[in-house]
Structures are given as structure tokens and as C-alpha cells.
Amino acid sequence: MAKKSMVEREKKRQVLVAKYATKRAALKAIAADESRPMEERFKANLKLAQLPRNSSATRLHNRCELSGRPKAYYRKLKLSRIALRDLASFGQIPGMVKSSW
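Residue 40 in the UniProt record's numbering sits at position 40 of the sequence shown, with consecutive numbering throughout.
Hints were generated in silico from the structure; no laboratory data involved.
Mixed in with the good hints there might be a few duds.
Subject to a maximum C-alpha distance of 25 Å in a straight line, what follows is the list of computed BS3-like cross-link-like pairs (lysine-lysine) [claimed, not checked]:
1) K71 - K4
2) K71 - K3
3) K12 - K98
4) K11 - K23
5) K23 - K47
Because the structure is a prediction, the values reported are computed rather than measured.
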């Protein structure tokens, strides 16, 4: 089980990313538009830097929904390999069987 503080920190980041997504996208569009004057683009970059760091989508990290484990994460299932194996062993995932030979 992952530390609860790390799981909560990740949830906080997800909320911030959702909150600032439109504002961040608009500022990035202004900053990247080369037809605009240089001063306006520079101001957009400054405003972008004033936004909270954790509102950037690149700071998000995928975590297992059951255990909170950050590594060995399967995107399609939103589970870590360990949680996936446990569920498969108990027969709770249809069609998935733990192999043994």
C-alpha cells in the first residue's frame, strides 16, 4: 500500500489540473502564436509561470486505484501488476487466468 499522503497529493494535483486546464491552454495558445506581437506573447508566458506548478498535466502520475502503487501500472485497467494478479487469482476478472506451468 502506498503512503496515503502521496495518494492525496496526487488527487490534489488532479483537481488543480482540471481547474486550470482551460486557462493554461489559452495562455499556451497565445504564447505559441507567432502572428501576435512579442510583448503579448511574453506577457502570456509570464502569466503561465504564475499559475500553480501542480496545475500542469505533466506533473500527474498514474497510480493503481486499489493500492495507490505508482509503478507497474496498466493503463487500460488502472491497476498495478500486483493488484491485477490478486484479482485474477481470485477469479474476479472475467477471462483472465493466472498461468502456471
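Task: Restraint check for K11 with K23, where alpha carbons must lie at most 25 Å apart - done: 20 Å, holds
- [ ] Measure nothing beyond the straight line between the CA atoms of K12 and K98; if it is 25 Å or shorter, mark the hint as holding.
- [x] 35 Å, violated
Open item on the list: K71 and K4 were given as a pair; does the straight-line alpha-carbon distance stay at or below 25 Å?
Closed with: 16 Å, holds
Open item on the list: Tell me if the straight-line CA distance from K71 to K3 falls inside 25 Å.
Closed with: 13 Å, holds
Open item on the list: Tell me if the straight-line CA distance from K23 to K47 falls inside 25 Å.
Closed with: With Cα atoms ~10 Å apart, K23 and K47 stay inside 25 Å; holds.
Consistency note: the structure conflicts with earlier hint 3 alone.
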